[in-house]
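Engineer: Listed here are the chains, written in short residue letters.
Protein chains: 2
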Amino acid sequence: MRRILVLCLFISGLALAQTEDEKRIRSIFDTALTDGMAYDWLNHLSNQIGGRLSGSVQAEMAVDYTKAQLDELGLDKVYLQPVMVPKWVRGVPEFAYMETSPGVTTNMNICALGGSIATPAVGIKANVVEVKGIEDLATLGEEKLSGKIVFFNRPMDAELINTFEAYSGCVDQRAVGASEASKYGAVGVIVRSMNLRLDDYPHTGNMRYGDEPINERIPAAAISTNGAELLSTTLQLNPDTKFYFKQNCKQFDDVKSFNVIGQITGSTRPEEIMVVGGHLDSWDLGDGSHDDGAGCVQSMDVLRLLRKSGYTPQRTIRVVLFMNEENGLRGGTEYAKVAMEKKEKHVFALESDSGGFTPRGFSFDCSDADFEKITSWKPLFEPYMIHSFTKGGSGADIGPLKKDGIVLSGLRPDSQRYFDHHHAANDTFEHVNKRELELGAGAMASLVYLFDKYGME
Amino acid sequence: MRRILVLCLFISGLALAQTEDEKRIRSIFDTALTDGMAYDWLNHLSNQIGGRLSGSVQAEMAVDYTKAQLDELGLDKVYLQPVMVPKWVRGVPEFAYMETSPGVTTNMNICALGGSIATPAVGIKANVVEVKGIEDLATLGEEKLSGKIVFFNRPMDAELINTFEAYSGCVDQRAVGASEASKYGAVGVIVRSMNLRLDDYPHTGNMRYGDEPINERIPAAAISTNGAELLSTTLQLNPDTKFYFKQNCKQFDDVKSFNVIGQITGSTRPEEIMVVGGHLDSWDLGDGSHDDGAGCVQSMDVLRLLRKSGYTPQRTIRVVLFMNEENGLRGGTEYAKVAMEKKEKHVFALESDSGGFTPRGFSFDCSDADFEKITSWKPLFEPYMIHSFTKGGSGADIGPLKKDGIVLSGLRPDSQRYFDHHHAANDTFEHVNKRELELGAGAMASLVYLFDKYGME
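Note that the protein sequences, when read in sequence, are chains A and B. Residue numbering for the first sequence is 0 to 456, as defined by numbering that gives the first Met the number 0. Residue numbering for the second sequence is 0 to 456, as defined by numbering that gives the first Met the number 0.
Just so you know, not all the hints are guaranteed correct.
Remember, identical chains collapse to one label, so a pair may be satisfied in a single copy or spanning two.
[To be verified] In silico lysine-lysine, DSBU-like type, Cα no more than 35 Å apart, as pairs:
{"#": "1", "residue 1": "K143", "residue 2": "K342"}
{"#": "2", "residue 1": "K131", "residue 2": "K307"}
{"#": "3", "residue 1": "K22", "residue 2": "K131"}
{"#": "4", "residue 1": "K66", "residue 2": "K124"}
{"#": "5", "residue 1": "K452", "residue 2": "K390"}
{"#": "6", "residue 1": "K255", "residue 2": "K452"}
{"#": "7", "residue 1": "K131", "residue 2": "K255"}
{"#": "8", "residue 1": "K307", "residue 2": "K182"}
{"#": "9", "residue 1": "K402", "residue 2": "K344"}
{"#": "10", "residue 1": "K344", "residue 2": "K307"}
If you are wondering where the hints come from, they were derived from the structure by calculation, not from laboratory data.
With these hints in hand, go ahead and build the complete structure from the sequences.
Structural biologist: Okay, here's the thing in structure tokens:
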């Protein structure tokens, strides 16, 4: 009888806790949707500042602006963490055409890939060899590729429901296409944009030469998906079609920049640190609203939403706006390095870097036992149409924090439209829906709340 | 031992069936995403035809176009079902301003509500009384309302995650605001648009006078959410602010139109009919891409996707493109009436009329036992990020088919952006994402497949 009573008390205790969590999470979402700051902050970042490539004036304006906004929130601590970042500048104009017979040309939309060298000032004109991937290069060999422009044209796989998987399956063409093609004497590469939609926007993104000697490097540019289709068809009709492109980009010496950090110090376990963040830098073509202005302003609002809900965290919660995710990951690397030097104990890190779309769930990089515990919270998210808790990656910037005992997590918004905008001139504010952005902030704040309350012990 | 063997065979049979279903559904989604017709059809409906208000030339063009497209699919039967529909015409120009002092005016974006009468040719100018809902009218009474324009300004509730619930909580203002306000001597009504976002688009939609005598009816118009905020603030600063509006709309006699129907006749149970559909009419301000061009083209593609997957349905599958959902529901009513007269046995009906956004699930109007059986199929949808099976409504057009033994269902896409576009000039093709539309078609075809295969016996 006594045992039954204890059991009953235990069960009613559980039920009560559940109710408290439901109420807290309801209050967090209500505030996010009716009194959120994320959308206003994003409006400023996107429309008053714009694209924030590492080393640019805009990136420094974004550092100043977000620090000032965090200062206004009255957190326990707001500071800048210095970090040296690469400075690559696109230079304008970029220009390309295809030439089907001498003098008969069609202009094409291109953009230099991030990190690419310039073409010679007069541009490059050469015959084109279309390939479907890196592995085709060895088959064709130097005989077929020497002196040519290699056109990488393997599209993203439309059958994959998670578009990030389709991206992963293609992005090697952009990342290492130029360094691989130059081994066979190619003079330049053109890469089909990482975009599932057919449209006219070229999408930039990082590429790397590795330790290839500077005088052997060849320039690389992205072409829009419509452009890629047109070029491919034209090459079938006329294999002798030539491609011309000219770009004027340049790598400068590294410059000083900053991660922007704000902190609420934990009440009872201040030494245990939970990070929530996104990256403040973006590519230069659009205003970086989805990638990753959204993740920054959501992360900033997490601290504010928790405050507004009246919750006093046990652990220290830090918002970190990382600099230079796009072309160097220097901010994430530096943050983890300093944390290790200071022997800081990080227990949880959550990144939002998949766009400001309707949140569908979270992915977790953690032990099976921790994942099981976290999964027990899933019913608390279902009223907000957040159903998907999966094991998998988290975010590039928090990756360097990985070690035993830390839970890394990524917000997973609906991915269908992300690559319509990713790294392109149409990654702009008007493509972010206020409610979708706010639901993401609410979801993140709710997860941080539960982690702080229950921990992984 | 024998029993165990039988059990094992039974279980392995189930596992096999599961695998077959998984394969079939995978093939349906693959085809939807790589070889779907929905987006092309929608492009034509939206960009070559445009808004399709009942009784308009465009509505008839849409009947001809969709019938011709269904004919091309080589179905077993394609036909038009005649139905008389109301013909309301907006008339242009519509025009409004607020006047803070004589001659000092600010133009406002408005649109007549569907079914409203015109203003007098010179328009209406009157003082404005702002209310938060129908119930305020009785409190204010004739003394305060007589001779005034009533301004209904209760916003949609941003805290509701399902935006359709927020819509339901507000739409009485639009539907019966005018007929209720006229009882107290009001001369016109202005209704805040049913839109969660602050923007400049007025959203139309149906209103009704019921049996109110024609000479007592007063005109009604929608104002954009930004306009409503501005008017409300202005009234606080200056309660004597006047509002002027002029509209020229007119109700004509009913005209003949059609439901468009295509059918694959069942192989073994042809007498059991499954309907999949959307409504072909739309409001006139945009091109009706989300409401409900999307539902029509998805429904059309369901039959094609099932065919392409190599599946031979046991039951008869009928796509029905209903006419006149927006301002009369005559198509849905007629379809059900004819079905009853012909003693047709409908076992299932699925409607898509909530926009062409990423599908999140289905709602079902059916018995608990049927719902339990259907819910057992949910794991088959989870690879496609479709997680939400709920009991609830289905769709307006299939509602008249309701009776014991039929399962009614509605596709439930993500609802966050729907009311940004609903019934407004920005319900246009560029706001539909191809993949999101196609995923909806795949989800619908998969549900129809499972219902046909397993039934509810």
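Engineer: Taking the hints in turn, state whether each one holds.
Structural biologist: Going through the hints against the structure:
no.	hint	result
1	K143 x K342	neither (55 Å within a copy, 71 Å between copies)
2	K131 x K307	between (52 Å within a copy, 28 Å between copies)
3	K22 x K131	between (53 Å within a copy, 28 Å between copies)
4	K66 x K124	neither (47 Å within a copy, 51 Å between copies)
5	K452 x K390	both (22 Å within a copy, 34 Å between copies)
6	K255 x K452	neither (38 Å within a copy, 64 Å between copies)
7	K131 x K255	neither (39 Å within a copy, 55 Å between copies)
8	K307 x K182	neither (58 Å within a copy, 45 Å between copies)
9	K402 x K344	within (11 Å within a copy, 62 Å between copies)
10	K344 x K307	within (26 Å within a copy, 56 Å between copies)
Checked against the numbered hints above, the structure violates hints 1, 4, 6, 7 and 8; every other hint is satisfied.
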